[in-house]
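S.K.: The lines below spell out each chain.
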Amino acid sequence: MATQSVVYVVDDDASVRKSLDRLIRSAGLSVETFASARDFLAGHRPDLPACLLLDIEMPEISGLELQKKLTALNQYLPIIFITGFGNVPKSVQAMKAGAFDFLEKPFEATTLLDTIHRAIHHDIQIRHQKQEFASIRKRSDSLTNREREVFELVAAGMLNKQIAFQLGITEATIKLHRARIMQKMGAQSLADLVRLAERLK
Amino acid sequence: MKIKELKESGQECKQSVVETREHLPTPDAIPERTQTAEALFHERERLAAIINGTNVGTWEWNIQTGETIFNNRWAEIIGYTLDELAPVSIETWMKFAHPDDLQLSSELLERHFRGDLDYYECESRMKHRSGDWVWVLDRGKVASWTEDGKPLMMFGTHLDLTARKQAEEVLRQSEELHRTTLQTAMDGFWMADTQGRLLEVNETYSRMSGYSLEELRAMCIPDLEVVETATDTAAHMQKVMAQGEDRFETRHRRKDGSIFPIEISVQYRPIGGGRMVAFLRDITEHKLTEQTLRRQREELSHVGRLATVGEFAASIAHEIHQPLTAILNNAQAAQRFLSAEKPEIAEVQEAIQDIIADDRRAAEVIRHLRLFLKREEADRTLLDINGIIGEVLTMLHGELQDRNVLVTPDLNPGLPHVQGGRVELQQVLMNLILNGCDAMIGIDDDKQRRIRIETSVTEPDSITIAVQDHGTGLGAKEINRVFEHFYTTKRDGLGIGLPISRSIIATHGGRIWAANNPDGGATFYFTLPIAEKSL
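Sequence order for the protein chains is A and B.
In case it helps, the numbering used here puts the first sequence at residues 32 to 232.
In case it helps, the numbering used here puts the second sequence at residues 40 to 574.
Calculated directly from the structure, the hints in this document are not laboratory data.
For the chain B half of the interface with chain A, some residues (derived, Cβ under 10 Å), not all of them: (1) 366; (2) 394; (3) 397.
Some, not all, of what chain A presents toward chain B, calculated at C-beta under 7 Å: (4) 44; (5) 46; (6) 47; (7) 50; (8) 51; (9) 53; (10) 54; (11) 57; (12) 115; (13) 136; (14) 137; (15) 140.
Beta carbons: idealized from backbone N, C-alpha and C, even for Gly.
So that you can see chain A by itself, here it is in the shape it has in the complex (with noise of 0.2 Å):
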């Protein structure tokens, strides 16, 4: 996870995002420092598993902006916020948009470096889910409109006899169906399939 990992800092504030960038090489973790929302839209790289250490308060675009702004383009990264002290309101706020966590400046080592690894695991694992959910939309894609029906209906937990009398089609075809929908979507049972079907939901 470490070497294909990155922890980004945001923050106009030069000896912080100097001191950041220090204390978090120092874990061993690769850093990418910008000193605006702006230059960090422009110069993050979306398909690295990462994490967005992110100054709440900024001029030009805040970092609740910044926030707004990802969520908008679809881009999730999981946002650990440093809030100066007890900003509570905006802290509340950054949580109910979405935010992984929130650190109160002046913040543990400890605490920070746990946080961004939970972070970073966290992006993993979501990561992970979406290329699995991309490559089972791409699989049931393959299906023709008669197996997704037939795929459906299985997955509603339907015997064969009660399908064919709703499709108004043979048991037999059904059968036939069934197993080319078991081949195309790569499942082994029909626990399977079901466990299939609902992930695409």
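Chain A is already provided as a structure; the job is to place chain B on it using the hints.
M.R.: The following block gives chain B in isolation, referenced to the frame of chain A:
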């Protein structure tokens, strides 16, 4: 002349006077007179005319017998004719004369008879027919003496002094009124000559200064004046003489050595060799009130400043949190680099360097905060704003070079001084210049990254300083709120911001505002009142 002759001629003379007054004969009516008699007649007529012309009453008195002869004018002065008074004697005089004056008159006569006085002269009152007293100047001289040296015949005149006495009385009353006015005046009063010697002083000034009137009348202005030297006072008096009057504030020293503030209104009158007439007002109370008001204003302004502190306390906390956060991060990073299997000394060294820099930065923020909160009246000295701008530009030299910003000062060389705190005004200028730099961060063209600082006298009593940038300018909302809401942009260096600048300018009695330039960018203006001494 022998006594006998005098007596005879005197007798004759007075008879003639009486006659001539009553029935004036002409020389033609008496052709039998000899030439000598005729000459005598002319002589008499001449004397009579003179007496008539001088409009005096005459008297002749035989001191030994008490017989007297008066002329008509003598009776007329007291409202009678001679006939109405007849028969006359020295008793007639004594009857009409004021008893007090009669006493004085007798004494003076005695002295004349003894030879102490060459002639007798006495101002005395006589009872007029109307009941009023009239003043007469009674003068006379003994003309003949008895064989045994006693005064015999005395001749004299009465001159009516009533009109003069009345005029004198009016003048005396008027003077008394003036004196009373001056003595009872709330203000002190002086009259001095052109050498500064006090000629007249009133009770009020005597009370103010603690000196008695006698002491003051022996003093000169420089004995009392504290602010001006004797030379200054002499020059000041020349000025008053030239312009006729002056009004000014100064301080005087009391007899007990204490000093009090005083306001003087002085006029020069070119009478009697030149007179300085001055009214002096003790303004101790006034000054105290002024001080109290100023202190109250300062307290209010401090409350205002504290409120402003509350307004952006969070941002100041933020300013301090930034370096503290960085220090903690660096320290913990250093710890981790040291405890690694292969300690990375270079990283640790860099971390420590940053820790030092950030610690200094935090200290700087606190120093500025303390400066801002400082309650005591800031050092208010006469300052040359152009000089302060020069100082600030020197201080910011490196920063401006790093940021590639060109500052062009357009300073009015004849700028009057202002009164204020040097450090505070430096802070305002730094804030505005650095704000301008920040506003121009996005500009690529080096030639466009410039700030113009202009100083000018745009109002009669204040100067205006303008800091003009070519940056992004201000939004419509920002222009009005930029001073209200401190929105930290966490600049390196100072960066406590516009509300503090506003607070500083307000305590200096000036204003600060911002406006967009027609050709882009914004200009921040502030005014400072011209120091009184420069006006």
